[in-house]
Amino acid sequence: MPLRGIRTTTAARNGAGAFILQCKRLDFHYCNSSGSSRGMVAFLQKTLPTFARENPQIEIRVSPRPQKHPLIKGLYINGREKPVCVRNLEPHDILKKAILLKEASGEKLKRTKKPVTSLNESVRGIWSPYHGDLRGV
Amino acid sequence: MKRLQLQRWSSSVLAPRARTVNRLHQHIYGQRYQSTVSPVQARDDQTAAIFEDSTTQDEQLAQIVKDSHTRRSHLQYPSPPVEAAQQSAKLAALHARLYLPSRLPVQTLARALVDQTADPNPNFNNASLATLGHDLLSYYATEHLICTYPRLPLTVIFAAMYAYAGPKTLAAMAREWGVEMATLPGGEVDPGLLQFRRVEPGSEVETGSSRSARPYEHNKLWRKTVTSKVFYDDEFGDPLKGPGMSAGGVTTEQASAEFVRAVMGAIYLHAGRAAAKRFFEQHFLSRHLNISELFNFRAPARDLTRLCARESFERPVAKVISETGRHSRHPVFVVGIFSGQDKLGEGAGASLIEARERAAVAALKGWYLYSPLNVRVPSSMEEPSALPWKPVHVDLGEVIV
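Chains as they are written, first to last, in full-length UniProt numbering: chain F, 1 to 137; chain V, 1 to 401.
This is chain V alone, in the form it adopts within the complex (with noise of 0.2 Å):
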């Protein structure tokens, strides 16, 4: 297609913004289907009065004028006003594409779009709604990760929450939403874009205070056992940060998140705990996540023998089960980790030693992902009609070296 040619824009471009509404598209559909461009109200009453009248105010023509544009009239605000929602097509567009309820309206939604840089008032901007639905989605993985795999080390329970609701693939969902950004925010601008300011560029990226109430925080050298983050710090494992805002401004994937969070807020509170949860099923559960992927060992033969000695195993022993060119340029081993009879892992590698890390790996692996069938989570009991509960096993996780 060929792109227009800017000489010809001339009086499209000059002309006000009402031209790019046009009569037709008004005159058949209406206000809902309009463009993203606010409607300009309609003053032709007032305006056929001034001219009317023959002693007409300078002032009062100028107020008109003022007026004419409602785009105008937004300025005032930090961002879009809560009638503009009902206009946006972009918003109801958005509102329709990821299914939410009907009993969530879109000015709610246009809300959950507002990020707290854009519109520092908490009653206009999306910062309430995202601290619910941050705390839902924690919840929800949480549990989901801990009644699925029940003997998953604590680091590898960070690492999938992290996958699951951390800020990356909050910010990878908005995007494959198709949830787009506005260069600035303001009130003129289209509620059905994302609003918030960015970071300037160049700027420091300070990590906020540590507001962590861990004692000896002070104390950069000491050890910070992988216990002690469940009680310190946040759900992947990251010390709590404070309110570290340079310049009131976030990154993309920071204002992202935002939203995603507050989206699921906002289902659960029009829609209710019963549409939550399932969109959470339906948008982060049904994500792909391979957990064996998550597991970076250091020292998988000695953490092998200290979890048999915690199990009561009988010490594992690695055997030989084949080999192929041992004294050739590409020799194959495939290694056993026994305990007595049962073979609890197999790997080949071009070395001995390769070969028995790898079974070693594979015993590991085997025994943390054990996964039972048909587990329950706690939150199934909200259900209406829900079974009497029964405890879920929960195993004591990794091994303490």
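Chain F extracted, bound-state conformation (with noise of 0.2 Å):
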């Protein structure tokens, strides 16, 4: 056979085509008792439903944490998991908080030190030293 295919897989590019959310679930978790909680007891009474609508892609759980500060936890699609306690915040924090879990990748936090990434090559190909006019020394 003179000539064979090398089979690989394609490489997801996330919003290249279809994007896909990378936060799958949030978990708010309160306490009924604790002051702490009173803030997150009133985010989910009021503006929790509207997140929930407006959210559409996120599954959400609530659940009661007796004893604990409330905490909000995003579950991502790389299996990994992101916890914020909102202790003490207010409704419109806590919704920063709930947002900002929402628009995480999962990803551990890294710095970017190239403005673009891609996983094409190079348009204008790699620098050779043995093309172009020839130089004496």
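Hints are supplied without guarantee of correctness; some may be wrong.
As the list claims (entries may be wrong) - Only part of the chain F face toward chain V is listed, based on derived beta-carbon distances under 7 Å:
(1) R4
(2) I6
(3) T8
(4) T9
(5) A11
(6) A12
(7) R13
(8) A16
(9) G17
(10) I20
(11) H92
(12) L95
(13) I99
(14) P115
What the hints assert, rightly or not - Pulled from the structure, derived: some chain F residues nowhere near chain V, Cβ distances all over 12 Å:
(15) R7
(16) G15
(17) S34
(18) G35
(19) R38
(20) R61
(21) G79
(22) R111
(23) K114
What the hints assert, rightly or not - Some chain F residues near chain V, calculated using beta-carbon distances under 8 Å:
(24) P2
(25) L3
(26) T10
(27) L21
(28) P56
(29) Q57
(30) E59
(31) I126
(32) Y130
(33) G132
It should be emphasised that the hints constitute simulated quantities derived from the structure, not laboratory data. No experiment lies behind these values; they were computed from the predicted model shown. All C-beta atoms, glycine included, are put in the ideal place defined by N, C-alpha and C.
Each of the two chains sits in its own frame; use the hints to bring them together as a complex.
This is how it looks when you write it as structure tokens:
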């Protein structure tokens, strides 16, 4: 057989075609009795239905966690999770935290050094010392 | 975050599952946004009647207790009942995450998540949807490849098909869509989970009896030509497999691939051809594949000579374009392959032979990877008000050596 094909898989480019939101679940934990959850309970009663309606991609779970500070936990497609403690926060601050978790990719935070990262080859190619005008040393 | 301590669970673990769906939650959001637990049916009227009635019969009470949880009644089915799909938050989230058309109901998506091994009833599993989706995927991927790269060799087309629509890619896509798997299939399982029966660890993986129509199939030593694979084998050039499910189990990869195919089939059925094609373009074609990396040449210089003879070009000649350090430890030669005055390809290598092989590979790839501009695929004729069809250029393919 003169020529064979090499089997590989295609690599995902999220957002190049379809965009999949990476946050797949948000868990809201609250305590009914403790004061640090007051803002959270208000958030759950007032703001969360709207938030859930606006973000149907995210599965939302609410569950009590008695004698503990309130918590929002985001679960991501890459299998990681991101918990944020929202004790003593007002509902609008909690909404900010929920939006932060929604928009996160789930990856560890890392510094982006290059403005563009791409799977495609450089259009200009790689410089070669053996091409172009030969110059005497 | 500190983990929950087990001894504090005692009440919540021992109490019936109804506790997990808490009152506040139900009150605020109603049934739709509930967690993955199926809602408990309210049988308060009957229960009240029993307690008012002094002549309570044991069987009746037992029946109430038995029915007090719908999950219990779901146990009689191998897969979740249709009405459970409406209650699943996971399923609704998956539907929204994939931006599936609203005409595709969640019930069908739930059916796409039930594998053949979970529910053998063809009315409730995804086998039929997956068959349709598989055909659509193969069709769209093939027409895209053949029209965009009309000179690709068949083996490379097979490899590219595998990359676009092969089971590995489909399984990766299901993972990237955030599809979770149920440990075991059953009627009480959340319909938003992928349900299939796993292969038992340690069991022999049967390859399945080949149901190829190829004559002389039993002669294993006979050479199978690439061209014959088009007729007798599947779209990846693999022999067709019969139903080879050993002890009724599939691997995670197979089940995920079946699910993705079933979603494709479901979109085609409910939302039509245009939506299915758009889904294919957005989710499959948008993925990155460098086709020039799929080539594995054995004798590129010989192939190039045969190709030039077939296309009646002048015989290719390799010439050294530049070189450095011929007698040093690291020489570099830049060799070009010329056919008459035209330079077909160029390569650099540490020896003359290596540079010539690379130049031949570059020349062959330059030929095979030709791609015309503004290609139209046959399925574009299905669009309304499509322009009249002009035949696309499809080349002879690879050289036969």
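Going down the list of hints, with the structure as the test:
1. R4: Interface hint status for R4/F: holds (4 Å vs cutoff 7 Å).
2. I6: Interface hint status for I6/F: holds (5 Å vs cutoff 7 Å).
3. T8: At 5 Å from the nearest chain V Cβ, T8/F passes the 7 Å test, so the hint holds.
4. T9: Since the shortest Cβ distance to chain V is 4 Å, the answer is holds.
5. A11: holds (4 Å)
6. A12: holds (5 Å)
7. R13: Constraint on R13/F satisfied, holds at 5 Å.
8. A16: holds (5 Å)
9. G17: holds (3 Å)
10. I20: holds (6 Å)
11. H92: violated (18 Å)
12. L95: Not OK, violated: L95/F not within 7 Å of chain V, min 16 Å.
13. I99: Check failed: Cβ of I99/F comes no nearer than 17 Å to chain V, outside 7 Å.
14. P115: violated (19 Å)
15. R7: violated (5 Å)
16. G15: violated (9 Å)
17. S34: It holds; S34/F is separated from chain V by about 15 Å at its closest Cβ, greater than 12 Å.
18. G35: Non-interface label stands for G35/F: nearest chain V Cβ at 17 Å, farther than 12 Å.
19. R38: Its Cβ never comes within 12 Å of chain V, the nearest being 14 Å, so this holds.
20. R61: Contrary to the label, R61/F does not stay out of reach of chain V, its closest Cβ about 5 Å off (not over 12 Å).
21. G79: violated (9 Å)
22. R111: holds (24 Å)
23. K114: holds (18 Å)
24. P2: holds (4 Å)
25. L3: holds (5 Å)
26. T10: Since the shortest Cβ distance to chain V is 4 Å, the answer is holds.
27. L21: Since chain V brings a Cβ to about 6 Å from L21/F, closer than 8 Å, the hint holds.
28. P56: Since chain V brings a Cβ to about 4 Å from P56/F, closer than 8 Å, the hint holds.
29. Q57: holds (4 Å)
30. E59: holds (4 Å)
31. I126: violated (11 Å)
32. Y130: holds (5 Å)
33. G132: violated (10 Å)
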